[in-house]
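Turn these sequences into a full structure, and let the hints steer you where they fit.
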Amino acid sequence: MANKFPFWAAAISSQQQQPSDPPQQHSLQAPNSRSLLPSRSLTRPAGPTTLGHDLIAAFAEATATPYFIYRLRDAMLASPTGRRILRDRPRITSTSLNLPYLRSLPPGTVGHTYVAWLDREGVSPDTRSAVRYIDDAECAYVMQRYRECHDFYHALTGLPVVREGEVALKAFEFANTLLPMTGLSVFAAATLKRSERRRFGEIYLPWALRNGLRAAEVINMYWEEPLERDVVGS
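Numbered by UniProt numbering, the letters in the sequence shown go through residues 1 to 234 in order.
Calculated from the structure, these hints are not laboratory results.
Hints may be right or wrong, so weigh each one.
Restraint-style ranges between C-beta atoms, simulated for each label pair [as the list claims (entries may be wrong)]:
id	residue 1	residue 2	range
1	Thr95	Pro226	17 to 23 Å
2	Ala188	Arg229	17 to 23 Å
3	Arg197	Arg89	22 to 28 Å
4	Pro107	Arg198	21 to 27 Å
5	Asp230	Arg197	30 to 36 Å
6	Glu166	Ser96	37 to 43 Å
7	Leu209	Arg71	14 to 20 Å
8	Arg87	Pro107	14 to 20 Å
9	Arg103	Leu178	31 to 37 Å
10	Ser195	Arg83	43 to 49 Å
11	Val162	Arg214	33 to 39 Å
12	Pro66	Tyr101	15 to 21 Å
13	Pro80	Val162	32 to 38 Å
In this text, all values refer to a predicted model and were calculated from it rather than measured experimentally.
Every residue, glycine too, gets a C-beta built ideally from N, C-alpha and C.
As structure tokens, then:
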């Protein structure tokens with residue numbers, strides 16, 4: 001599969017910064033309390049879909065701290081575009097992106113490809129859980145940005161939200177971001193049907209690892225800017 005993302009380009013570096021204040025919609029956690037979040041989210045019954053999503057989100061935040069989310073934040077600080085994103089702190093919602101306008105864009109543009117995928121899959125950008133368990137405000141925004149960019153990755157790879165496509169995308173994200181939850185999600189491949197597991201192992205996993213490692217940090221893509229540009233050649 002050809003690499004479709006020439007506009008995913010940013011430098012990778014690491015620089016230490018002082019923690020900023022916690023964000024709103026946030027639950028301050030004592031260190032020992034935060035360490036219990038992964039086990040709680042894994043052992044507590046999922047129940048309704050929203051509860052299941054909330055538990056997964058809490059697990060992702062708990063496993064991202066303290067190292068991995070700072071590493072991703074530092075990668076943004078090392079990139080001019082990443083620094084602009086951290087300064088502007090844009091949010092990806094159905095309102096901020098003006099979905100009706102994106103539907104009017106020519107097919108093949110980033111914006112039209114994104115909204116066409118949302119419509120086809122019945123997905124809304126407004127359903128991403130708010131970050132609650134990361135104390136540093138800047139790092140909390142990085143996690144929120146990662147979540148809200150996830151559907152752009154789906155749209156531009158063409159991967160559906162069914163398990164096979166989701167696991168493939170998580171493998172790509174792990175190779176690119178190193179967030180532990182994305183790597184742990186790859187083990188869901190064991191629950192796929194035999195034919196799906198074979199296809200995943202022979203096609204999707206090699207593609208995901210190769211492109212995830214080769215691509216620059218996708219967190220540094222300012223998705224709001226190339227919406228009117230063609231996907232190929234942007």
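Check: Which of the numbered hints are not met once you compare them with the structure shown?
Finding: Per hint list: 2, 3, 4, 6, 8, 11, 12 violated.
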